[in-house]
Structure formats: structure tokens, C-alpha cells
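Residue numbers (my numbering), protein chains in the order written: chain A, 1 to 246; chain B, 1001 to 1486.
Please note: incorrect hints may appear among the correct ones.
[Unchecked claim] From the structure, some residues in chain A lie toward chain B, with a derived Cβ separation under 8 Å:
#  : residue
1  : Thr42
2  : Val119
3  : Val122
4  : Arg145
5  : Cys174
6  : Phe181
7  : Val183
8  : Pro186
9  : Glu187
10 : Val188
11 : Lys190
12 : Met217
[As the list claims (entries may be wrong)] Calculated Cβ distances over 12 Å to all of chain A for the following chain B residues:
#  : residue
13 : Ser1030
14 : Asp1057
15 : Glu1074
16 : Glu1180
17 : Thr1354
18 : Ala1368
19 : Glu1371
20 : Ser1418
21 : Arg1423
22 : Trp1441
23 : Ala1447
24 : Asn1450
Keep in mind that the hints were calculated from the coordinates and are not lab data. Nothing here was measured: the structure is a model prediction, and the numbers come from that model. Idealized CB from N, CA, C, for every residue including glycine.
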Amino acid sequence: MAIKAQLFITCLAEQFFPNVLKGMVSLLERLGVQVEFPEEQTCCGQPFFNSGYHSQARDLAVKWLKVFGRTDGFIVSPSGSCVDTVQHHFPELFLPGSAEHRLAVDAAARTYEFSQFLVHQVKATDVGARFPHKVTYHASCHLLRGLGVREEPKALLQAVRGLELIPLPGEETCCGFGGTFSVIYPEVSKAMMEAKIRAIDSTGADVVVAGDAGCIMNIAGGLRQAGSSVRAMHLIDILTAGGEMS
Amino acid sequence: MSQVPTMIDFRRNTQQVPSRMPLAVQKATSKFLGNRAAVVDAFGNEQWQVLRQAGHDIRLHAITHIEHYLEMAEHAVTRAGGHVHWARDAAEARRILLDIASRHRVKLAVKGKSMATEEIGLNPALEEAGIRVLETDLGEYIVQLKGVGPAHIVVPAFHLSKEEIANLFHEKLGVDAPAEAEKLTQIARMKLREEFLSADLGISGGNFLVADTGTVVTVTNEGNGRMCTTVPPVHVAVVGIDKVVPDWESLTVLLKLLARSATGQKLSCYTQFISGPPRSPAETGPAEMHLILLDNGRSRILKTPECRETLLCIRCGACLNICPVYNHVGGYAYGYPISGPTGVLFASQILGPTVAGALPFASTLCGACNEICPVKIPITRILLHLRRRVVEGDESEQAAAPVYLRVGAWAGAAALGSTGLYRMGSELLKRLQAPFVRGGWMARLPAPLNRWTMSRPFPAFAADFRRWWRSRTTAGGKRGTSEPGA
Chain A
1 MAIKAQLFIT CLAEQFFPNV LKGMVSLLER LGVQVEFPEE QTCCGQPFFN SGYHSQARDL
61 AVKWLKVFGR TDGFIVSPSG SCVDTVQHHF PELFLPGSAE HRLAVDAAAR TYEFSQFLVH
121 QVKATDVGAR FPHKVTYHAS CHLLRGLGVR EEPKALLQAV RGLELIPLPG EETCCGFGGT
181 FSVIYPEVSK AMMEAKIRAI DSTGADVVVA GDAGCIMNIA GGLRQAGSSV RAMHLIDILT
241 AGGEMS
Chain B
1001 MSQVPTMIDF RRNTQQVPSR MPLAVQKATS KFLGNRAAVV DAFGNEQWQV LRQAGHDIRL
1061 HAITHIEHYL EMAEHAVTRA GGHVHWARDA AEARRILLDI ASRHRVKLAV KGKSMATEEI
1121 GLNPALEEAG IRVLETDLGE YIVQLKGVGP AHIVVPAFHL SKEEIANLFH EKLGVDAPAE
1181 AEKLTQIARM KLREEFLSAD LGISGGNFLV ADTGTVVTVT NEGNGRMCTT VPPVHVAVVG
1241 IDKVVPDWES LTVLLKLLAR SATGQKLSCY TQFISGPPRS PAETGPAEMH LILLDNGRSR
1301 ILKTPECRET LLCIRCGACL NICPVYNHVG GYAYGYPISG PTGVLFASQI LGPTVAGALP
1361 FASTLCGACN EICPVKIPIT RILLHLRRRV VEGDESEQAA APVYLRVGAW AGAAALGSTG
1421 LYRMGSELLK RLQAPFVRGG WMARLPAPLN RWTMSRPFPA FAADFRRWWR SRTTAGGKRG
1481 TSEPGA
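Bound conformation, chain A alone (with noise of 0.2 Å):
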């Protein structure tokens, strides 16, 4: 019996990474899993919730809550923060024993980010990618210490071909993203953005990797505001590579 996934894309992968999401579908399909997409859906209410706005949270939560909870199956995401979102702060939106509470704390238990899924339920950590360039990795916050994914994204990096991992110094320190964070305090997000692309710099990587789509843009957009030559991809990107860099 084939593992069925419900793709929950999310914003900022849909508005910006299309291709991650494209990647994602057929990855998984190749691995044999059942890909579903709800249509319904769009965004899960994180940047309302984070920002203290939680009445709206509430409505865009209960929407999602309604798209989700007709499907069967896993929820998957391409995003650390988005699933950090549905696992653990949807049940505080609702008062226990509603109905919402009930679809939330439902759909908590099976919304799973990519690499988490990949390797716990798919059980696969060797997708048979080949990416010969060398990479570093940097832990998106909320899948980091939100989801408490440390050890998958680096274990499914170490089993592509030719991949060559170099520790990243700070890799675990915030990249100055922060959602409204990094327009509320620009000058600070600013600073915490320069220190992470002289961090990513000083490692000689080709290719800097992390796992949720806002840290992406920052770095992506650092980058090239730096003049460095060095690629910010999501891990989806590498686990989809044939050996060439997209």
C-alpha cells in the first residue's frame, strides 16, 4: 500500500520557489509515494499568528483546517516554520474539546516537513541524486529547534554523489529572516544577514543549502547583494539533481 502525501506548498515557496515544489512531486512520486495537492489551500496564518495577530491567525487556521481535514494521508511541506506552525501552535488556537482543536490536534499528528517525512516515513536518506559541488548547510530555525530536525537534511546531503558537506561555522545561528522581524528592525536583520553570508563565505562552498523558504530568500537575496558567487538552494534542489546545478 503506497504512503499517500498531501502537498501543503505554502506561500513563499509557491510566490518564489516553484521549482522546489515541482521537485518535491516528482521526487516523492519517484520514491513511490501517492501525491495529492488540496487546491483549496493557501496560507496557514503563520505570519499573523508570529506577529501577535491572532484573530486573523484563527480565520486563515480554520480555513486550512477545512482544506486539510477532508484528506487522508500525510502532510507534507517543504518548510520548517510553516509545519512548526500547523504541528504546534494550530491546537493553541482553539479551545480544547471544539471541533477546530480536534481537526488541529488531527492534522498536527500527520504534517510532516519534507526531510522529516523522507526519512522517517519514506525511510530514505540515499534518493540517488548526484550533485558534484561542495555544500554547506544552514538549520532553518523553526525546523531546527520548532520541529527538532537537526540530523535529516545533513544525513540526506551526505548520501548524494559527489556532494562534498562542509560544516558551516554558526550553522546553527539565525539568518536575521524572522518574518515581519527583518521589516520591523531592518538595520538588525541587516547585520544578522552580513554575518551569515561572511560565515557562508569563509567556507569555500559552491552551494549553501537550509530548509524553509524565508531563510532562502534572505541568503539568496545577501548573496547577491555581496557579490558572492555562491548558490543558496533549498535541499529539495539537491535531492533533485541529476549532477548538474539548475
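Since the structure of chain A is provided, determine the placement of chain B on it from the hints.
Chain B only, in chain A's frame:
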């Protein structure tokens, strides 16, 4: 030194951070973190986690039964011959202290390091009353000479170089000071020694208050704290009510956590236990001992279940050292004597959303503070509640966010919550952005995203996954699902 703030503009403060502040801060914090990591390693990480949980449980128990333990402490202190005063707020605490000082005709007060006295803005109040007040912790002494407050709760002057301190000593003390740590310390020591001997009043804080025996515990690394609490004829300890712990057994757990987390020591150089004035002529020390128990908003913090774990804090400063925001701005940007993540929690709640509404947002929610906290305070979870308090208000405070932000959020959520509007929006944005896009990026954007593009370009909107999904599913089989192995 600090006055109680009336409005904290975190962004403006961050724009005024001196350019060499971040490196100076990072040099110091990385040293502290390194030392901490080494002692935690030596302790054994698994054991450390057990100790953290014990620390958390002890502190939670103490603050949950705070009235019981405070009464117990009051009885014990009184029984030992000390005087206990209850201060509802900063003004009352200042008044009590000024009363004691005027009764003893105090001209010079010497102080050990204390965040509680910073919190109540004690120094300006004493000075206004014509009392000279001298900080005697080396770091506090230096920042007092400089005319500023502490930049870090454990190491107040850690951002200043030896050269800067030497210049400061030259300028303020009129001494020729070489830029060497040892020589500078000697100069301060000489100066302070004279003052200790002539002081009429010694003021200290307290790291813990042991309820069982009414013991004020101070954890320090310089002898100054002991001088302040033993040499002058009167000693006043200003202690937040949150510092109470049940007994000495609890205390040992917390002492183990505190020194390791703060400075990477197993135990600080001086751990003092003050249980009242001398009981017989054979004992020495100040004849009069006062304990001011400071509430200043702490009871209100306790009343909000989402926030009460704020009061578990043992002021080790580890969350400051690990915080990437703190590391780039230093302590002054927070506009409050307690800075960094724990400072945000205290300042936001003690001062309220109107004064300190900017602070809960001064975090990327990265969660490094949660991981390092020795008493497992869920810092980011509390921050999320405090953000909500600013935006929506809660049982204890009115909302303080401007109306246009709330309207904006409402409209944004309405658009994002409708599949039709959401999809229309993403198509529209792809068209509207066309004139600005170069090579997949936009170098400049209008407000509020100009705050993003001031530091890096913004990626072009590129949504096409839904179309791709539809095209392959209508071509390949049943709509909405994909063919296995396609």
C-alpha cells in the same frame, strides 16, 4: 544609573548602536558561551538536562506558592533581627530606601551589583536627595563613571576596551592609567577601598532569597559585594519577590545552574549568605539589616498564565549571550537595564505595551534562548503572547498597536483566506512587478518592502505550480492526483 523609561523606540536605538559595539559584544559573549559549553560538557549533557528540569520545577513551585514562601522568608528575616519592607512599585521601593537613608543621615552609599536597583532607578533618586551613591562592582563602577547604565546584566561594561577604560579613568579620576586590565583593576580597588571605609550605607541586590532561613544569597566574582554588605553600619538588600526559593536544597540546584550558565564557572568566587544582622557581640557586620521585597509588576506577571514563567529567571545572562539580536545591538538598544530576551520579557510586562510595545518584536523567534535557558523558560512562547497583547490586548492590558496595522492585517488575512483572491493576487503581482524585475530579482520596492530592499534584493513573484499541477494531471490521469511513477 538608569531612569525608569517612558518610551522605548527599539528601532531608533538600533540605528544608534556604535559601529564597534557588535564586535565587542560578540567577542565577550563567545567567550562566555565557550566557557559555559566546556563546564556543561564536563558536567555531562544528560545530567545537565536533568538539572535544568529540576531547576525549572523548583522555580515554578516557588513562584506558584510565592505568598507562602515570602511570608516564610519575612518571618525568618524578622526573627533574625532584620527588617522587612514590601514595595509595591519602583516609587515605593525608592521611598523606603530614602527613608532608611535619611534616618541614618547617609552621605555616601556603596552599592554591590543589583539589577533590582537599576530597575527602580535608585541612583538618580539618591543623588537627588543629596546622597552620593557609588557603584562598586568593577563593571558597574566603570559604566557609572561613564554616565551610562549596564550593557549586560552580568558584565555591565564588557563592551568597553581597556584603552577606553584607561581614558575614562584618566578623565574622571585624574590618574595616569595604563591600558592593562590588572593595573586598571588596582586603581579602581584603591579608590573603592577608601569609599568602603567611609560609607554610611551598603546596598545590595540578591540572587536568591531562601525562604526557610530568610537568607539573602548573592553570587559575585569580586570582593566588592561582601564589602558593601559587611563594612557600612547599615545594609539594605533590594530583592525582587520572584527571587524566593523554598530551602537550601533547592538553592544548591540553582547555584549549580547559575554560575555555569553565567560565566562558565562551577561556582562564582564569592557566594554570600546573609541571614540577618549580628546576633551577638562576637559577630561582626552591619548592626542594621533591611530587606526590601520588590513587586513592581511581578504579581501581575504571575496572574497571566501564559507569561508567569518569566519569573523563573535567575538572571544568568545566557540568553543574552546566545541571542543573535542582542549580539548585534548590545544591551543599550533595549532601553531597559535588563536586556536581551529575558529583558524583553521583563520590560514588556513591567512597563506595559504603550511604553515597551516595540520589545516583544525585537526577536526573530529563533529559539536559541529557549535551548540555553538553565531553568527552561519558554521564552519565545511568552514572546508570542506578548506580541498578541500588543496587537489584540489581553485580560491585563489594552491593545497598543496602531489601527492602520490592524486594518492592514485584517485585509491581508481576508485576501489570503480566499482561494480566489489569493490566486488572483499572485497573478496580479507577477504582472505588476514586471517593470521592476531584473534577472529574477527586484532591487527596489515601495514601502514597507523598501525596508527589505535597503539591504538585499527581493525575489520576483514566480508562482506557476498550480498551473503545472493541473497540466500534468489533466494530461496524465485523474485530476487532483498524480500517476504513481509519472
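Quick rundown of the hints versus the structure:
1. With a cut of 8 Å, the hint placing threonine 42 of chain A at the interface with chain B holds, because the nearest CB-to-CB distance is about 4 Å.
2. For the restraint placing valine 119 of chain A at the interface with chain B, the shortest Cβ-Cβ distance is roughly 21 Å, beyond the 8 Å limit, so the hint is violated.
3. Because the beta carbon of valine 122 of chain A sits about 14 Å from the nearest beta carbon in chain B, more than 8 Å, this interface hint is broken.
4. A least Cβ separation of about 4 Å between arginine 145 of chain A and chain B falls short of the 8 Å threshold, and the interface hint therefore holds.
5. At about 4 Å, the closest approach between the beta carbon of cysteine 174 of chain A and any beta carbon in chain B falls short of 8 Å, and the interface hint on this residue holds.
6. The beta carbon of phenylalanine 181 of chain A comes within 5 Å of a beta carbon in chain B, closer than 8 Å, and the hint placing it at the interface holds.
7. Checking valine 183 of chain A against chain B by beta carbon gives a least distance of about 4 Å; that is within 8 Å, so the hint holds.
8. Restraint check, proline 186 of chain A versus chain B: the minimum CB separation of about 4 Å is within 8 Å; hint holds.
9. Among the interface hints, the one on glutamate 187 of chain A holds; its C-beta lies about 5 Å from the nearest C-beta in chain B, closer than the 8 Å criterion.
10. With 8 Å as the threshold, the beta carbon of valine 188 of chain A comes within range of chain B, its nearest partner Cβ sitting at about 5 Å, so the hint holds.
11. For lysine 190 of chain A, the shortest C-beta to C-beta distance to chain B is roughly 4 Å, which falls under 8 Å, so the interface hint holds.
12. Residue-level restraint check for methionine 217 of chain A holds (minimum Cβ-Cβ distance to chain B is 6 Å; threshold 8 Å).
13. Residue placement check: serine 1030 of chain B does not keep its beta carbon more than 12 Å from all beta carbons of chain A (closest about 10 Å).
14. Interface exclusion of aspartate 1057 of chain B from chain A stands, the closest Cβ pair being 22 Å apart, more than 12 Å.
15. Distance to chain A confirms glutamate 1074 of chain B as a non-interface residue, since its nearest Cβ pair spans about 38 Å, more than 12 Å.
16. The beta carbon of glutamate 1180 of chain B sits about 31 Å from the closest Cβ of chain A, which is more than 12 Å, so the claim that it is off the interface holds.
17. Annotated as non-interface, threonine 1354 of chain B keeps its C-beta farther than 12 Å from every C-beta of chain A; the closest such distance is 15 Å.
18. A beta-carbon of chain A comes within 12 Å of the beta-carbon of alanine 1368 of chain B; the shortest separation is about 7 Å.
19. Listed as a non-interface residue, glutamate 1371 of chain B fails to keep its Cβ farther than 12 Å from every Cβ of chain A; the least gap is roughly 6 Å.
20. The claim that serine 1418 of chain B is not at the interface with chain A is violated, since a C-beta of that chain comes within 12 Å of its own (minimum 7 Å).
21. At the 12 Å boundary, the C-beta of arginine 1423 of chain B falls inside the reach of chain A, the nearest C-beta of that chain being 8 Å off.
22. In this structure tryptophan 1441 of chain B is not separated from chain A by more than 12 Å, as the shortest Cβ-Cβ distance comes to only about 6 Å.
23. Not every C-beta of chain A lies more than 12 Å from that of alanine 1447 of chain B, the closest at about 9 Å, which undercuts listing it as non-interface.
24. Consistency note on asparagine 1450 of chain B: stated as away from chain A, yet its beta-carbon is not over 12 Å from all of that chain's, at 9 Å minimum.
In this structure, the hints that do not hold are numbers 2, 3, 13, 18, 19, 20, 21, 22, 23 and 24, in rising order.
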